[in-house]
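Visitor: Take a look at the letters that make up each chain.
There are 2 protein chains.
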Amino acid sequence: MVLPAFILLAPQMGENIGAAARVMANFGLTDLRLVAPRDGWPNPAAETMSAGALPDVVTAQVFERVEDAIRDCGLVLATTARPRGMEKPVLGASEAVARVRATPRRTAILFGAERSGLPNEAVALADAILSFPVSPSFASLNLAQAVALIAHAYSEANASGPPAAFTDAVDAPATREELMGMMEHFEDELDRAGFFFPEAKRAPMVLNLRNAFTRAGWTAQEVRTFRGAIKALAIGRGKWRVKRED
Amino acid sequence: MVLPAFILLAPQMGENIGAAARVMANFGLTDLRLVAPRDGWPNPAAETMSAGALPDVVTAQVFERVEDAIRDCGLVLATTARPRGMEKPVLGASEAVARVRATPRRTAILFGAERSGLPNEAVALADAILSFPVSPSFASLNLAQAVALIAHAYSEANASGPPAAFTDAVDAPATREELMGMMEHFEDELDRAGFFFPEAKRAPMVLNLRNAFTRAGWTAQEVRTFRGAIKALAIGRGKWRVKRED
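Line by line, the protein sequences are chains Z and Y.
Per my numbering, the very first residue in the first sequence carries number 1; after that it's consecutive.
Per my numbering, the very first residue in the second sequence carries number 1001; after that it's consecutive.
Derived from the structure by calculation, the hints contain no laboratory data.
Note that the structure is a prediction, hence the values are computed from the model and not measured.
Do not rely on the hints blindly, as some may be mistaken.
Stated by the list, open to error - To give a feel for the contact side, a few chain Y residues facing chain Z, derived at Cβ under 10 Å:
no.: 1; residue: L1003
no.: 2; residue: S1135
no.: 3; residue: A1232
What the hints assert, rightly or not - Using 30 Å as the maximum straight-line C-alpha spacing, the simulated DSS-like pairs for lysine-lysine come out as follows:
no.: 4; chain 1: Y; residue 1: K1201; chain 2: Z; residue 2: K201
no.: 5; chain 1: Y; residue 1: K1201; chain 2: Y; residue 2: K1231
no.: 6; chain 1: Z; residue 1: K231; chain 2: Z; residue 2: K201
no.: 7; chain 1: Z; residue 1: K231; chain 2: Y; residue 2: K1201
no.: 8; chain 1: Z; residue 1: K88; chain 2: Y; residue 2: K1231
Positions of the beta carbon are idealized from the N, C-alpha and C atoms, including for glycine.
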């Protein structure tokens, strides 16, 4: 699998080029190609907007014609919102990414200019059309947003799931024994407080509470905090603090 | 299925608010909520950048506190790139959208400010974390790009077919207002019992409890049962039954 190239045809605003480069870097993509950018290249507005992605994290190559920009690619996709009356398969982002990942050569993904979109000549060079389920009455997607959607879909497909992070910083989960101890402690105190009344309501009430508690996936620390809270309430208003100050 | 609300916490740049509104409109979403926008509201830069989405296609409501902005929501997702050391499920965009579509009540999706992201207090109010498979060395996603990714995932899922069937055997989930009422009730009683001592421990203890509670996905019935339990404990041993027999 080769990282796809994102090709912007005749982009107008440097800000959009920069925002596109930034979100490519967000998702680990590095191959940006510009065909006849309106304001030339390099473009200071693009660098500012790229938040550090340009010129080093993402490499921008400039071409005169789209034909030159796609020469080394084995699959070409054209992003477009408007129907073109062309007999091409139309893919959503996830389907397109599946094609990209299944292609041993580099894929080129073409994006048109802000106002006009892709010219028919460029779409004609593509194997398939890549389209988004936009609202027909508000169909004009910002250029960098379109880049973002594909970059994300690509990265999401590569990641086997959500990022595995977040696990190392996290507290140990409570054992089932700790969790049951907590629930029984709570129920005991509720018993003493006369909460389960009448007796016939006891079972459904306990079930209710246990359902809610077991869904939560408590950490050991949270169990300790909650048991402290039960104890404080059970001892009664104002007495907890006195006891801890002994 | 109810259209989700996109909630921007303390957004700084009007341009980002406008770009977020534009891409929401692209994908048929209309419920934008702003919590304490830095430059006030309305904001001319936001309207310009929205390309006609603001103020009529997308409606922006302004709130002072995040608690107020999520009151009518049954599921709350917090978008974040950084690990938080909080015990919450972490969902990718597609998984998150599946949850949104399976929830009969409105979903709130929280987005943090450009520089700082979401504060821990806001993440603690969420049922789950929504994260993107970003490159660890270039993780900072533009605010409007994050909005775009979720809006697109939502529309793509809708375009591909009806949502997973609702499980009608299940009780209605509690609204966020009911759940927050329950947590505040619990914290009030713990306050009266002198539990939050010393004062410096108050914030981490509240965070601990709220994290555990929001993970549980409470039904309205479970909330009522738990509030009854708190009341019983607060009144004190033996007195509850007497009171109910009055």
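Visitor: Each of the hints needs a verdict: does it hold here or not?
Guide: Hint check:
no.	hint	in the structure
1	L1003	violated, 12 Å
2	S1135	holds, 4 Å
3	A1232	holds, 4 Å
4	K1201(Y) to K201(Z)	violated, 37 Å
5	K1201(Y) to K1231(Y)	holds, 24 Å
6	K231(Z) to K201(Z)	holds, 24 Å
7	K231(Z) to K1201(Y)	holds, 17 Å
8	K88(Z) to K1231(Y)	violated, 66 Å
The structure shown violates the earlier hints numbered 1, 4 and 8.
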